[in-house]
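Student: In the order they appear, the protein sequences are chains Y and P. Under our numbering, the first sequence has 60 at position 60, and the numbering climbs by one with no breaks. Under our numbering, the second sequence has 25 at position 25, and the numbering climbs by one with no breaks.
One thing to keep in mind: the hints can contain errors.
Identical copies look the same in the list; a pair holds intra-copy or inter-copy alike.
Using 25 Å as the maximum straight-line C-alpha spacing, the simulated PhoX-like pairs for lysine-lysine come out as follows [said to hold, decoys possible]:
id	residue 1	residue 2
1	K31	K256
2	K150	K31
3	K208	K256
4	K239	K153
5	K80	K31
6	K203	K96
7	K167	K31
For the record, the hints were derived by calculation from the structure and aren't laboratory data.
As a plain string of letters, each chain reads:
Protein chains: 2
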Amino acid sequence: MIILPGPASPNLGKCLAAELDTNLVPVYFKKFPDGESYVRIDGNVENQEVVIVQTTSPPQDERLMQLFLMSSAVKHNGAKTITAVLPYFAYSRQDKIFVPGEAFSVKTVVDILETCGVNQIISINSHSPAALSSLSIPVTDHSAIPLLAKHFKKNGIEGAVSLSMGKKGLAMSKEAAAIINGECDYIETRRDRHTGYVDIKEKPLRVKNKTVIFFDDIISSGGTMAKAVAYAKRQGAKKVYAACVHPLLIDDAREKIINNGAEEIVGTDTVPSQVSVVSVAPIIAKALVGLGV
Amino acid sequence: MIILPGPASPNLGKCLAAELDTNLVPVYFKKFPDGESYVRIDGNVENQEVVIVQTTSPPQDERLMQLFLMSSAVKHNGAKTITAVLPYFAYSRQDKIFVPGEAFSVKTVVDILETCGVNQIISINSHSPAALSSLSIPVTDHSAIPLLAKHFKKNGIEGAVSLSMGKKGLAMSKEAAAIINGECDYIETRRDRHTGYVDIKEKPLRVKNKTVIFFDDIISSGGTMAKAVAYAKRQGAKKVYAACVHPLLIDDAREKIINNGAEEIVGTDTVPSQVSVVSVAPIIAKALVGLGV
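Build the full structure now, drawing on both the sequences and the hints.
Tutor: What follows is the structure, encoded as structure tokens:
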């Protein structure tokens, strides 16, 4: 097996190669002045089981295009198999046709990857893994929540209350609570169908004088997380942490959350970020071994 | 035949539908806050010969992705055939493998379009039309230079000297000169292979007291065109015009060219631009009729 780190995930690619003690083939990348991407595989991939690591967080389309170009080049150069690791899986929210006429975007992306030679996809906490099971090539999704929980445990924050955003996220806080050895609960959220604006329904939380950790798959604009942190503080929580798998943290999301009372934001390296403190390389390594790559 | 104007070419799509006196099916488009594109076909395309018009000038990857999503949706909704009109064809410069290991980008783009249901492609002055003839679906390329030349003729600029950039472009200035009824020539250019910087070799031009029109397929940063205009002025030209098919005009390209002595820059609507004064709709309409769509 050889690892190709795409231009969007150079560090995660290196971590993964180290974790697996396997070879890394560099990808030369440049951008032309007009914005077109150029990629060149700088090594032999013939008859190899190739793993391309490329996150597709914003700018999604640019990173997807780089992935399409890389895998096509790898295929053209005679790779035996291609596994695409998309730590953040762009367009995975558009996982069915909700309104007639609209694009089934994640299917389009997967169909394209298949055309470009990809045999299977590995992702981390994608929007709804179940919806990905019926696509043209296998997609296996893995949760990084246990890794985040272990990070807190290692740093002495045991017995904290694990909270999720909405009842739907309860599986996440349960997963974390089992590792942290504390209670778990969720805060009720309400999304306005038209504006997309998320509000919090004030239900009592048993967090008085306790440490609280919010677990979520993604923090984008940070609005919901900031409100949740402030609410937990008002409910008497001693310390509040915000943990997420994909710390997109668009614009001033980080400041918003910290200013509302969070001690720290902890994320993984599925996306490049200032708070990417936990590496998902061990999960991906295990997934690859499990798939027999 | 029905026309679908993509979000990058709404006006050209409308012009084309008017030119062909055919129906237009709107495409609803939005961008999510994180940057992902959403498209929905707002009409019936079942059993129709669908023509999607979407330029792929910068931001290329975003516009390509929108095109992939649109054509997949059109295919899913039962279109009989899909013709993709790419007035500006992104990645068409990477039209072969120059160095081992590099991506054959334009082939990747065409393969993807085929996967998304596209049966044929129409483009305008793409980088090297000949190279596109061996791809998986037919690509027919058309020159908009005659349209530009006619624009000048109509505006009373007959008998001007048509000039091209480099000997390679001579076919373009010849094409124009036949319409403008004037002489044609080229200025010698020299490209530094490492920096990409283009310089002009000073060869005498017979332009004294004459009107000169430079014809080129594309103006990007405008550096070469600005130098060419200045050189023609130094050689005694009375008036100098800059004409191109794809007026990308990145950053201050327009100012650079005008400040070096050009009267005006004239371009087509293959890309959205302030100087898109000539519409290529008639060429595309004729091409579609010629292809029997």
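Student: Pop the pair K80 and K31 into one bin, within, between, both or neither, using alpha-carbon distances up to 25 Å.
Tutor: So K80 and K31 fail the 25 Å test inside a copy (28 Å) and across (37 Å) alike.
Student: Are the CA atoms of K203 and K96 at most 25 Å apart within a copy, between copies, both, or neither?
Tutor: neither (33 Å within a copy, 62 Å between copies)
Student: Using 25 Å as the alpha carbon limit, work out where K167 and K31 are close: within a copy, between copies, both or neither.
Tutor: Neither, since 44 Å and 28 Å both go past 25 Å.
Student: Can you give me the call for K150 and K31, within, between, both or neither, at a CA distance of at most 25 Å?
Tutor: This pair counts as neither: shortest intra-copy Cα distance 39 Å, inter-copy 36 Å.
Student: Under a CA distance limit of 25 Å, which applies to K208 and K256: within one copy, between copies, both, or neither?
Tutor: within (23 Å within a copy, 66 Å between copies)
Student: Can you tell me if K239 and K153 fall within 25 Å by alpha carbon in one copy, between copies, both or neither?
Tutor: within (15 Å within a copy, 76 Å between copies)
Student: With identical chains treated as interchangeable, where does the CA-CA distance between K31 and K256 reach 25 Å or less: within a copy, between copies, both, or neither?
Tutor: Close across copies (23 Å), not inside one copy (33 Å); limit 25 Å.
Checked against the numbered hints given earlier, this structure breaks hints 2, 5, 6 and 7; the rest are met.
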